[in-house]
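Enquirer: Work from the hints to combine the two standalone chains into their complex.
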Amino acid sequence: MQIESSAMQEARRRSRELAAKRVAGQAYLWLLLIVLYAPIFLIFIFSFTQSKIIGNWTGFTFHLYENLFTGYDATTHVRVDPNLYRAVAFTAIIAFAAATIATLLGTLAAIGLYNMRSRARKGITFLNSIPMINPDILTGISLFLLFVFLNISRGFVTVLIAHVVFCTPYVVLSVMPRLMQMNPNLYEAALDLGATPAQALKKVLLPELKPGMISGFILALTLSIDDFGVTFFTKGSNGLETLSTFIYADARKGGLTPELRPLFSLIFLTILILLIIMNIRTNKQINKQKK
Amino acid sequence: MRKFTEIASARRTWAWPYVLFLVLFVVLPLLLIFYYAFTTPEGDFTIYNFIKFFHTSEAVNTLIYSMAIAFITTVICLLLGYPAAYIMAMAEFKTPQVMALLFILPMWINFLLRTIATVELFNMFGLPLGEGALLFGMCYDYLPFMIYPIYNTLQKMDRSLIEAAQDLGANKVSVFTKVVLPLSIPGIYSGIVMVFMPTVSTFAIAELLTHNKITLFGSLIQRSFGEGGIAMWNYGAALSLIMLIIIAATSFFDQENDRDAQKGGLL
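So the protein sequences, as listed, match chains A and B.
Those letters in the first sequence? Residues 1 to 291, per the numbering used here, in order.
Those letters in the second sequence? Residues 292 to 558, per the numbering used here, in order.
It is possible that part of the hints are untrue.
Quick look at which bits of chain A chain B covers, simulated, 3 or more residues with Cβ under 8 Å [to be verified]:
no.	region
1	151 to 158
2	269 to 275
Think about it this way: if two alpha-carbon atoms lie no more than 30 Å apart in a straight line, the pair counts; the simulated DSS-like pairs of lysine-lysine are [unchecked claim]:
no.	chain 1	residue 1	chain 2	residue 2
3	A	21	B	504
4	B	504	A	52
5	A	122	B	447
6	B	447	A	284
FYI, nobody ran anything at the bench for these hints, they're computed from the structure.
By construction, the Cβ of each residue, glycine as well, lies at the ideal position given by its N, Cα and C atoms.
The shape of chain B in the complex, shown without the other chains (with noise of 0.2 Å):
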């Protein structure tokens, strides 16, 4: 007993049990993944999913295509958002934190339900569903992903910077090109992984825009799982370490910055 209370004493080791439950509930499943990928309904090793993959040429269309979606996707919240989240940060606004709270608010609807009202949007105005539908219903969705990190950084932003580059000559351009875009860059690479990652690994959304006409990559996985039943979960295991590789390489482009605490912020 004395033993237990000298051990709970140790404040270190309070972090023992969430600990486990990573290593239970995050570690772990990771892992089969990898399992599951490289193995067949049997449990025996095998490659064959991934040549599965490659040997589809509509399975790896599927994928380049999402990745280009959301490329695009990135893109244009980029040049949406950039403008919007300077403007915010550089206008002497009576209530800044409103104009950015605006922006967020939206977030707290339901996005499948939001995506939906889209639709109808689209519908009312007689546009057709389809690329367009689902480029616009993404940006829609992820906007303020991007619009958020880069207010931030400009807002944290010295601005005796940009007044040292003015009386040193500097015109407009060169403040921004020379001081407030270069020290804006964490926050357009957060937004970009902010805005990257979830739109590559999306699957419903692209269905519900599309009214089933564009699969992207996420509903191929989804798919593998559900109706495929059981014979299809280690081919979607391997769709899944495919996409999982997607992920890593994107995050460790945003390695430097606390990303999660700018997510974390957003509330």
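Bound-form chain A, shown alone (with noise of 0.2 Å):
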């Protein structure tokens, strides 16, 4: 009796202690966590009152939404920065279009890379990693250097193959992986059985590479959108301007303009609801696969 009352008391010790360990892990990544997001969070706080600039609290309100969606401030009459709204279109032009061609040419490529010897697969494989381990300013400045030395005038285009520079590598190997755990044969298979080599494409290839096209997609959307190094070099002077321009320029005028907070929170928001509903997808689908 004495040694199993002893035996209970250590286990309860123990579970004591390992309790303790988890809070106070769990304590250490919230700790971290609202390090973190202390500066988006301002950014939200402040989205809801008039000032000029954050950490002056004027009191609640909506209006820099107002402000944002009707383009001038109905109680100041002053029209909204308009370059701000052009920088939000090129930005989603760019990204998109970045994105699509990216997509189509990672995966064409991706296709023929594992169709090839290995030793040439390599040496692509090796070129396809350098604008991933580029930083920003030096395949900002290369291409600067390239446009310039071939006469090209900077601007829309070139931002854009800019974009298709950095996106593609990531839409490779986004695809890849789908292509290696794909059979080989199916392609053939539909070939003998008398598909011509689009309708083996469209029919046999792409449904099985989509999941990987489609992940490589929104990563090059992503890395587009957030880009500043790259078109910082490659947009020229003729006031065209992506979002994260935008905001570097309007930083070192001075004041930022405050109805880029309103429009980061809703961006930050619509993230958020996205990424939950993607997870809640992804957690049914393993649900399903267990059962």
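Expert: Below, the structure written as structure tokens:
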């Protein structure tokens, strides 16, 4: 009896220790997260007040949101900087165009690479990794020098090319694993059964590669939207701005356009909701597979 | 026409457009950095650009300072990030992916805006903008890049190894130092490279975080392509080449790792 109870005490002590450790660990994670999110919350909170600068609370209002959507300040009748809207539009157009081109180019490249001899494959894989290793500033400057050297005036097209440069490698890398998992004989079987290469591509290859293409496309979108360094060197000086370069110019001028606060709060919320939906969906799929 | 369909149906040719694209927009531009670095604005060969760099103590000091800042940032990120990755990987959360996701989520907010918000945070608490703000901002921006690869390797680790070590009489400390830590080295390498490379080459962030008080090597390069005009481009190319060498050396450190796959896995 005595022994048993002391063993029980020991077990209880250990489980208490474990619980304490878990709490400490969790506390550490949450502390890091709080610090990590503090600036974002700051933007979010101060999107609900009208002051020019963050940190100066002048009362709760949806004014900045109204300004953002109407394009001008109803009380002061000052227009919201029209360059902001142009930057938003340009960011979206570039991101979708670059992601689309990168997905097509990268998927074709992945299929080609998969069917190559290993020596050629290694060489191209190395080239493919250069834009991923290269920091923004080097990608940006090297392309800047190229466009200067070839006498191409910088603008929409050069920014688009630059974005395709740093997006495509990630598409290749997202599509490649799908190819590796695929039964290599499927495509040949389709050809043997009388499908043309185009049909075999459409009916056999693409459906298998679709998940990789989609995640490559989404990754390309986010990389393009977030880019600053490469765009900075390839956009030229004829007034073309993405959100990143707009914010940079804005911050260097001094005050940040207040309407950026609601804009980014909305973007953040959208992403948050999308991620939650995606997460729930994958969890459901995992549960289905388990059943 | 028949020949064309033959070529198109040999699937290895499908990579050709991308290879052409890579040569034109990746290889050629990098070669141009070399070309400009070793020429005068008139196009004559010279090594003057490098001599100029090594004789400008300000420029050399900026390079050393930037590497030091990047190094310190990397160490802080490792010290903060490893425990976080470890706790996440080891704890039996009901939803471990959600926790990992929370650490990655801030990266979806434009990093310049996050940096500016950090500046405002410092202003709000009356903290000075200087080296401290710079280090905080850098760690803040790149901590997720350290946590994620370490978390990934720890999560894929075979748990039975830990149990085996325990059964064989290892105490907690030696389980960690002899089993967990060695197995997480690839993740640590990836994390170090993924934090060091962008911090050593950053421009823009430093100016914003320190109100132009501190200049990093990246800003120095940027300036020679901006304000200086054409006359400075060759010098800027020489500085870029020095940066390229640092990056290449750093990436050797991580050669055996599938760093890119991990970066891709951030999604």
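Enquirer: Decide, hint by hint, whether the structure agrees.
Expert: Outcome of the hint check:
With 0 residues carrying a beta carbon less than 8 Å from a beta carbon of chain B, the region 151 to 158 of chain A misses the three-residue requirement, and the given coverage is violated. Here's how the region 269 to 275 of chain A fares: 3 of its residues keep a CB closer than 8 Å to some CB of chain B, so the rule of at least three is met and the hint holds. Under the criterion of a C-alpha separation no larger than 30 Å, the hint pairing residue 21 (chain A) with residue 504 (chain B) is inconsistent with the structure, at around 43 Å. Taking the CA atoms of residue 504 (chain B) and residue 52 (chain A), the gap is about 24 Å. The hint holds against a cut of 30 Å.
About 26 Å separates the Cα atoms of residue 122 (chain A) and residue 447 (chain B), which keeps this hinted pair within 30 Å; it holds. Annotation: proposed proximity of residue 447 (chain B) to residue 284 (chain A) holds, straight-line Cα distance about 22 Å (limit 30 Å).
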